[in-house]
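J.: Chains A and B supply the protein sequences, listed in that same order.
The working numbering puts the first residue of the first sequence at 202, with every later residue one more than the last.
The working numbering puts the first residue of the second sequence at 225, with every later residue one more than the last.
Just so you know, the hints here were simulated from the structure itself, not pulled from any lab data.
The structure presented is a predicted model; accordingly, all values stated were derived computationally and were not measured.
To spell it out: a stretch of chain B is covered by chain A in this simulated footprint if at least three of its residues, at any positions, have a beta carbon under 8 Å from a beta carbon of chain A; those stretches are:
no. : region
1   : 293-301
2   : 314-327
Chain B side only, calculated, beta carbon under 10 Å to chain A, not exhaustive:
no. : residue
3   : Lys274
4   : Ala277
5   : Gly278
6   : Leu280
7   : Lys281
8   : Val304
9   : Lys305
10  : Met306
11  : Ser310
12  : Tyr311
13  : Pro339
14  : Ala352
15  : Ala356
16  : Leu358
17  : Ala359
18  : Val364
Even glycine gets a Cβ: it sits at the ideal position worked out from N, Cα and C.
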Amino acid sequence: MISLVRYLAADVFRGQRYLAPVIVFLGVMGMLFSSDAGQPLEAYSGSSALLYPIAAWMAVVVATSEDAVRREITVVSAGGWSRVLTAAAVVAVAIAVAMALVGAVWPVVTNPHPYTAGEFFVGLGAHTVCALLGVGVGLMFARPVFDSIGRTVLAVFSVVVLTYPLGRATPLGWVLDALGHNTFSLSVVWAGVVGAALVAGAVLVGVRRA
Amino acid sequence: MDGYLDGVLLDQVSKRYGRGPWVLRDLTLEVSGPVVLTGANGTGKSTLLKIAAGVLKPTSGRVVRPASVGYVPERFPSDVKMSASSYLAHMGRVRRAAANDVLERLGFVGSLTAPMSELSKGNAQKVALAQAFLASDVLVLDEPWTGLDPAASAELVSLLEGRTALVSDHEGHFASATRVDLAGGHVTIELSRVVGLDALEALEGVRSVLARGSSARVVVAPDRSDHVLAEALRLGCSVRSVR
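Required output: the full structure, derived from the provided sequences and hints.
T.: Structure follows, in structure tokens:
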């Protein structure tokens, strides 16, 4: 599994499609924290909300990095779809967690408000939860669940856009609501559980569809 | 899917995509040496190979294959950014297999460190073959001679000698292999008032018998269909359809 994860990660980084979400993430982060972003946890809400669609985008990039034919070779070499889709999910989550770390560290460096270690870890956890939710949405609609990249983009974009107006009705809303009130609540943990379940569910759906 | 470690067994495999027409129907095939699939375009060769390799699941039927299968698709993608050496090293680690000399034997010419998108069609095909030969048990190769020069084609034949391999080939490169012609297809005979089911199953050319109450669907090799029909009538069955 480690070899497979290394191969899929190398393939993602050899291509250049990962650059677009990374650049958008870093650019918007720069804009968000160009001035006083508010209280420590409150400041994290903007970057957490940003990380959700970026992680979904990155998950689609990871899932479709190999074209369909090369993915077939990888599936046969690795011994089945479940291994390959699990490895792809691991790569997507690892990249998303790295971006969550950047999102959590950035305001500590740039925001004029001082951060305690506790606030930093709450922020890191909140970012990770939002990243997991994004990865879950991205993988749920990427190949092999949807074969066409057009349908994938449309479905992921629709779900991501619809998530925000639903507010506290979604796990993302639980996280953003807690951060917006400069507090931490158990709902953030539950949102993380939903995010992990979404990623696992996307892998299972992919294995069934393949 | 374990327990049949010498080769691949496809047992009454059928395949259709969605609600489309049947691409394969009740096909049984045992691969325990070199086997070449022949047949016209659209007879289901690539679909059968994907099922044998484990890329596709059959709609019905059973596939038993060993753990280590090597697969070459009909067209290896031409836009791979990774270099050949990096790709083969990764595939070797994924399989936990040692590097082989297949590239050298096939006469690979070009840069191993350049992106594979810069390789010629023939050299890219040699890379595809090299990764498949990392497998230790069975090879499933879809038109593997595509793009190869005569020397490489002959070398590929010698590499395949003695291996358990299921290969599609239009041009007769691998004369010593067992040939299976998918174009021949099969004849399906629907019977009613069936008596002597065991006797029907035992007839030469009968590939499968699916009994439903007093009716049965019998799948027969085309060259034996007349004989099976005559025997079914002699046994007292009624023939509802032959297709």
